[in-house]
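Colleague: So you can see what is in the structure, the chains are spelled out below.
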Amino acid sequence: MIAVIDYGRGNLFSIGQALQVLGVEYLITDNTDIVAKADKIILPGVGAFGDAMERLKSNDMDRAILDAAKTDKQILGICLGMHLLATQSEEFGNYNGLNLIEGHVSRLQASSEDTNENSRIPNMGWRWVKVLNNHKYFAGIRESPYFYFAHSYAYRCAHSEDIAGVISINGEHVPAIIGRGNVWGFQFHPEKSGPIGLKLFNRFINS
Amino acid sequence: MPPVRVIARLDIKGENVIKGIHLEGLRIVGKPGEKARMYYSQGVDELLYMDAVASLYGRNNILPIIEEAARDIFVPMTVGGGLRTLDDIKAVLRRGADKVAINTAAVHRPELLREAAQAFGSQCIVLSVDVVRRGDNFWEVMTDNGREKTGRNVIDWVREAEEMGIGELLLTSIDSEGTRSGFDVELIKQVSDLVSVPVVPCGGAGNPGHVVDMVLETRAESVACASVFHYDQYSIAEMKEALSEAGIEVRA
Numbered sequence: 001m002i003a004v005i006d007y008g009r010g011n012l013f014s015i016g017q018a019l020q021v022l023g024v025e026y027l028i029t030d031n032t033d034i035v036a037k038a039d040k041i042i043l044p045g046v047g048a049f050g051d052a053m054e055r056l057k058s059n060d061m062d063r064a065i066l067d068a069a070k071t072d073k074q075i076l077g078i079c080l081g082m083h084l085l086a087t088q089s090e091e092f093g094n095y096n097g098l099n100l101i102e103g104h105v106s107r108l109q110a111s112s113e114d115t116n117e118n119s120r121i122p123n124m125g126w127r128w129v130k131v132l133n134n135h136k137y138f139a140g141i142r143e144s145p146y147f148y149f150a151h152s153y154a155y156r157c158a159h160s161e162d163i164a165g166v167i168s169i170n171g172e173h174v175p176a177i178i179g180r181g182n183v184w185g186f187q188f189h190p191e192k193s194g195p196i197g198l199k200l201f202n203r204f205i206n207s
Numbered sequence: 208m209p210p211v212r213v214i215a216r217l218d219i220k221g222e223n224v225i226k227g228i229h230l231e232g233l234r235i236v237g238k239p240g241e242k243a244r245m246y247y248s249q250g251v252d253e254l255l256y257m258d259a260v261a262s263l264y265g266r267n268n269i270l271p272i273i274e275e276a277a278r279d280i281f282v283p284m285t286v287g288g289g290l291r292t293l294d295d296i297k298a299v300l301r302r303g304a305d306k307v308a309i310n311t312a313a314v315h316r317p318e319l320l321r322e323a324a325q326a327f328g329s330q331c332i333v334l335s336v337d338v339v340r341r342g343d344n345f346w347e348v349m350t351d352n353g354r355e356k357t358g359r360n361v362i363d364w365v366r367e368a369e370e371m372g373i374g375e376l377l378l379t380s381i382d383s384e385g386t387r388s389g390f391d392v393e394l395i396k397q398v399s400d401l402v403s404v405p406v407v408p409c410g411g412a413g414n415p416g417h418v419v420d421m422v423l424e425t426r427a428e429s430v431a432c433a434s435v436f437h438y439d440q441y442s443i444a445e446m447k448e449a450l451s452e453a454g455i456e457v458r459a
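As you go down the protein sequences, you meet chains A and B in turn.
Reminder that position 21 of the first sequence reads as 21 in the working numbering, one-by-one numbering, no gaps.
Reminder that position 192 of the second sequence reads as 399 in the working numbering, one-by-one numbering, no gaps.
Calculated from the structure, these hints are not laboratory results.
All C-beta atoms, glycine included, are put in the ideal place defined by N, C-alpha and C.
Each hint should be verified, as a subset may be incorrect.
[To be verified] Keeping only pairs whose Cα atoms sit at most 20 Å apart, straight-line, the calculated DMTMM-like set for lysine to aspartate or glutamate is:
1. A:37 x A:62
2. B:220 x B:343
3. A:136 x A:102
4. A:130 x B:275
5. A:199 x B:279
6. B:297 x A:72
7. B:297 x A:51
8. B:238 x B:295
9. A:130 x A:143
10. A:40 x A:91
11. A:136 x A:72
12. B:356 x B:322
13. B:297 x A:102
14. A:73 x A:51
15. A:57 x A:6
[Unchecked claim] Reference listing, derived: stretches of chain A covered by chain B, where coverage requires no fewer than 3 residues with Cβ under 8 Å from a Cβ of chain B:
16. 141 to 150
17. 189 to 201
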């Protein structure tokens, strides 16, 4: 069973529907006992970092996730859920994260004089993800790796080997997929990235 | 520039997709489920649902339509029309919408945008602006699906709204809307220069050439179209092909 952590914000319905289409058993939950029993954990996210961490802490969900990370259970953070894996974030103030993949979250660079690029922030829309990792998860993804993004902040990984895929925004390489051991993060929304998104999502949850 | 997003706009009245000209004279053009699935299969990048009568009757009857779409359509969905409170927004997001478009309620009380952005994140708060051109550099902001005048110039309103923390701006020209005669390029340029968030131009596409010209002239990163797709004149794939042939990147 896959536990999708509910902390009262955002669109969990689509993640649930995607999991249903992919034929896996899942529970959308704020119950730490269920999270402890789950085979895999999805940490979704829409909203602001500080508010989300606050909500996780309020019912010891942060502890439950950290405990699960010590086992070999796979944990997948999506969008803000990925950011929560970081050491720290500076979104609307400074907040500590789960520190499962070392790094900090800060605002996307607004424009680049070097490349004369002026992409609008939030980064909203489909971006071509360059996959850097040879993991079996990404087999066949490289042909048309467009995924849907909606974010104003980016994960700056402390260790470059944790970065499995990047996009380029205003001359900057922004991590799109990160991974360390059993803990992974997607900056994009696989559940909103059409057939290719579902394909990648399936690799993670059905393997 | 990122790939240009091709967005299909579905104006909803009751159980049907409707379409008018200048937001009036609404005709039924199909069922939301059928249209949405067809556009998804053709490679649409995003869907935009607008409840055309919600703010008139003060109700939201679009929820079951969104929930049905979210079952087998896996691209972003924006929902607007009659959303007035944080609870209204939460209800739509819980049913599968990724973003909400707010117009009338934001004009009446701009703070709603800030509250919504803080609660749900800027990336899901879209300001929807419907305008009518009144003169040089003056496009009047209209509310209640184009029925009510505000006397406000779009140029002032979008700046104020951006400060409230919106994540995107849907810009509909009522003059061009439904006419299939091309975009108000001047409007799109002016508003795009004023704000740094993504702007989604809407209103006027009659063929792929209109969209190509608009994107080349305004550097818009997206476009929302209705009639051009609803009447089966052009498919999403044909639109993308035309953009691609003009050297504009689209999602394959």
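Colleague: Hint by hint, note whether the structure agrees.
Modeller: Going down the list of hints, with the structure as the test:
1. At roughly 15 Å between alpha-carbon atoms, residue 37 (chain A) and residue 62 (chain A) fall within 20 Å of each other, so this suggested pair holds.
2. A threshold of 20 Å between alpha carbons decides the hint, and for residue 220 (chain B) with residue 343 (chain B) the separation of about 34 Å lies outside it, so the pair is violated.
3. Proximity of residue 136 (chain A) to residue 102 (chain A) is assessed by CA-CA distance (about 24 Å); at most 20 Å being required, the pair is judged violated.
4. Distance restraint check for residue 130 (chain A) and residue 275 (chain B): the Cα-Cα separation of roughly 33 Å exceeds the 20 Å cut-off, and the hinted pair is therefore not satisfied.
5. Proposed proximity of residue 199 (chain A) and residue 279 (chain B) is supported: the alpha carbons are some 14 Å apart, at most 20 Å.
6. Between residue 297 (chain B) and residue 72 (chain A), the direct Cα distance comes to roughly 35 Å. Violation of the 20 Å bound is thereby established for this hinted pair.
7. For the hint pairing residue 297 (chain B) with residue 51 (chain A), the CA-to-CA distance comes to about 16 Å; that is within 20 Å, so the pair holds.
8. Pair hint residue 238 (chain B) plus residue 295 (chain B) does not hold up; C-alpha atoms about 24 Å apart against a cutoff of 20 Å.
9. Pair hint residue 130 (chain A) plus residue 143 (chain A) holds up; C-alpha atoms about 10 Å apart against a cutoff of 20 Å.
10. For the proposed pair residue 40 (chain A) and residue 91 (chain A), the alpha carbon gap of about 28 Å is over 20 Å, so the pair is violated.
11. Proximity of residue 136 (chain A) to residue 72 (chain A) is assessed by CA-CA distance (about 18 Å); at most 20 Å being required, the pair is judged to hold.
12. Restraint check: the Cα-Cα separation between residue 356 (chain B) and residue 322 (chain B) comes to about 25 Å, which exceeds 20 Å; the hinted pair is violated.
13. About 32 Å separates the Cα atoms of residue 297 (chain B) and residue 102 (chain A), which puts this hinted pair outside 20 Å; it is violated.
14. The suggested pairing of residue 73 (chain A) with residue 51 (chain A) is violated, with an alpha-carbon distance near 26 Å, which exceeds 20 Å.
15. Of the supplied pair hints, the one linking residue 57 (chain A) and residue 6 (chain A) holds, its CA atoms being roughly 13 Å apart against a limit of 20 Å.
16. Beta-carbon proximity to chain B at under 8 Å applies to 4 residues in the region 141 to 150 of chain A; the threshold of 3 is reached and the given coverage holds.
17. With 8 residues having a Cβ less than 8 Å from any Cβ of chain B, the region 189 to 201 of chain A passes the three-residue criterion, so the hint holds.
Consistency note: the structure conflicts with the earlier hints numbered 2, 3, 4, 6, 8, 10, 12, 13, 14.
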